[in-house]
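Model the full structure from these sequences, guided by the hints.
Counting in this note's numbering, the sequence shown runs without a single skipped number right up to 225 at its last residue.
The hints are simulated quantities; they were obtained by calculation from the structure and are not laboratory data. Check before you lean on any hint, since a few could be wrong.
Between beta-carbon pairs, the in silico distance windows are [what the hints assert, rightly or not]:
| no. | residue 1 | residue 2 | range |
| --- | --- | --- | --- |
| 1 | THR101 | ILE18 | 26 to 32 angstroms |
| 2 | LEU112 | ARG72 | 47 to 53 angstroms |
| 3 | VAL55 | ASP195 | 50 to 56 angstroms |
Heads up, simulated SDA-like pairs for lysine to any residue below, C-alpha to C-alpha not over 25 angstroms straight-line [stated by the list, open to error]:
| no. | residue 1 | residue 2 |
| --- | --- | --- |
| 4 | LYS74 | LYS106 |
| 5 | LYS138 | ASP211 |
| 6 | LYS106 | ILE158 |
Note that beta-carbon positions come from the ideal geometry of N, C-alpha and C, so glycine has one too.
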Amino acid sequence: MAPCKHRGRLNVLFQLMITIGILIANLVHYVSDKIKAGWGWCLSLALVVVPTLIVCVGAQILPDTPNCLINREKPEEAKATLKRIYGTDGVDKEYNDLVLTSKAFKLASYLLKYDSMLGTFKADVKIVDNETISMDGKPIKVVSSRDPLKLPWVEMGIDIVIEGTGVFVDGPGAGKHIQAGAKKVIITAPAKGADIPAYVIGVNEKDYEHDVADIMSNASCTTIV
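Right, dumping it as structure tokens:
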């Protein structure tokens, strides 16, 4: 179970490995296709089957993460796994944090599907794993931190952040998202500071200019369309 601060880098590395694997597969296919004896396709098939078997066997052998065990309602196994990871029996705090995160995650997916004002969202919303929600099969990564500077906007390639917490409504606060890697921040509340312009849909959104400011306000969460 990788620490949160390393997960973004590991994800990028994983995607890079997939790309390299595809490149190698194409090179192998190109070379094997040149074999005139007619058994080149056997070589290509073998090089596909072997890593596939390794991945399948590894998936069965590797233990579940504590998050997965909690989501599957296996608390004792989750605690035992945490004890092995940390090398100590005192893992109550870590376990409770994971339980709270799991509950918040399930609540987030429920609120996405059922809104008190907009009604039921006409999409198939599912929890994929302990970090991903899917909408009609499209994955959405879920991250959380009380400090915007710790959010992985760079690793995730995030351009625009909607700051809807009501906490970071001034330049220094909302600016932490910019420092974390976002390019633009939209505050869903009246901003504090004359240097933050406000744009309201249906009123003055045509006044928006891309280069004027990186942080702006949409006046209120009720005015976002």
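List of violated hint numbers, smallest to largest:
2 and 5
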